[in-house]
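Asker: Going down the list, the sequences are from chains E and B.
Just so you know, we're using our numbering here: the first sequence kicks off at 5 and counts up by one.
Just so you know, we're using our numbering here: the second sequence kicks off at 5 and counts up by one.
A hint or two may mislead.
[Stated by the list, open to error] With a Cα cut of at most 16 Å, we get these calculated EDC-like pairs of lysine to aspartate or glutamate:
1) B:264 / E:263
2) E:264 / B:124
3) E:38 / B:47
[As the list claims (entries may be wrong)] Every beta carbon over 12 Å from chain B, so not counted as near; a handful from chain E, in silico:
4) 109
5) 176
6) 244
If you are wondering where the hints come from, they were derived from the structure by calculation, not from laboratory data.
Cβ atoms here follow ideal geometry from the backbone N, Cα and C, with glycine treated the same way.
2 protein chains.
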Amino acid sequence: MSNPASESAELDLSSPVTAAVLVIGDEILSGRTKDTNTGFIAEYLTALGVDLKEVRVVADEIDAIVSAVNALRSAYTYVFTTGGIGPTHDDITADAMAVAFGVDLPHDPRAVAILEARYEPGDLNEARLRMARIPEGADLIHNPVSGAPGFRIGNVHVMAGVPAVMHAMMDEIAPTLETGRKMLSRSVEAGVGEGWIGGELGALQKQHPAVSMGSYPYFDGEKFATQIVIRSRDEDALETAEQAVETMVASIRARIEMEKQT
Amino acid sequence: MSNPASESAELDLSSPVTAAVLVIGDEILSGRTKDTNTGFIAEYLTALGVDLKEVRVVADEIDAIVSAVNALRSAYTYVFTTGGIGPTHDDITADAMAVAFGVDLPHDPRAVAILEARYEPGDLNEARLRMARIPEGADLIHNPVSGAPGFRIGNVHVMAGVPAVMHAMMDEIAPTLETGRKMLSRSVEAGVGEGWIGGELGALQKQHPAVSMGSYPYFDGEKFATQIVIRSRDEDALETAEQAVETMVASIRARIEMEKQT
């Protein structure tokens, strides 16, 4: 298993481009709102060939946000944050980013212009103007849904928490990202619980180092079954491994059937 | 606002009992599986009066798990992990906990006995026996759904990732937890976007330090609306603040209506 070809294939498993998501919001931590943004961004990045490596959810507290974003931005290629950029007193993400990057947080003339064009004269009140406070040196992220922009500072992309707005912002951000070779995947339904396949699947994983074999058990209400997911950035390695897993599953199921009948 | 009564009420806002959730699993980070466990645990802990302060999702990698659990267990009263305790090669949560706590990971006789009672003779293979590997010094968490136990080591509760199993494990764990005074909450629908209420809501928050006022915008497909959520551990303070918010919302809506007509 240590010939040069399989070694280079093995290295190829992980994308050089990595990312973390930072969800900011008390409402997620209290359980009041169920986070769907993380799943959306995870699928989005996987499709782009960016490896999402970590997610954190923190409260609407400056210290918690600053400490999380500083840890994540130094560990990964990109950070994507959601939440806390609206017009109310509990929207403190911009404040936290300014602290994290050690910069000022002025009313940005570009953002003010966007809001002025959006609202009737007189409606651009102090609360709404909060949404034009952008850390110095940041680029704006266009918000085609509701106007108030997100921003990118360093490798951190600061997006809204409202899903429809965040989705649109991801579309704005995507073309600006470096991306890796796309991760490919195949699924094999084992039809039996993990306990039947664990030993042989582990051995098979060792024989196929250019792919990653994941075993995902689920309970269908009556019995356990298992999805085996095979992932690789190498199409040929994926194909070979998928066939090997299918052969293994068929042989295990035949053995279980035979045992039932004896 | 700094009389002794309101100060003690303000201190009362946060529970002395805090928690973090650590979700372990590549399938969440790839977007293939949408995590519902975090939302379930968040609601569960809120109902118990435990403050969930942070969530992390990490990959099936020993170093990532060890580093996350060590950071979280030193920062919060309790840690709850989900995922990675099944019978396959990618189930490495027990290994990671043994490393994090610096203890051995033997086959635990109590866990082996549970599995022996569960499976037909001959079916308790090497893969399934992996699920009896429990870090030294840990207590078992009963699994009424599928047998293989979780475990508690120090302040860390290690649970399955399959939701039905995790739910049952939470029910086992709940009576063993210290809990705080329960957080109470009321919602007021503002009926208008955040930008209309931000300024006055911020001022109202300052006048009611014994409650936390959160503003949660949403997009109903046509326009933005806002749920204002008021939270407190003090029933009287909650009641007073709710009335103040309702009065504020009514007055803002009346003003907007009047402006429309002129």
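Asker: None of the hints should be skipped; say for each whether it holds.
Answerer: Results for each hint:
| no. | hint | result |
| --- | --- | --- |
| 1 | B:264 / E:263 | violated (77 Å) |
| 2 | E:264 / B:124 | holds (12 Å) |
| 3 | E:38 / B:47 | holds (10 Å) |
| 4 | 109 | holds (16 Å) |
| 5 | 176 | holds (17 Å) |
| 6 | 244 | holds (18 Å) |
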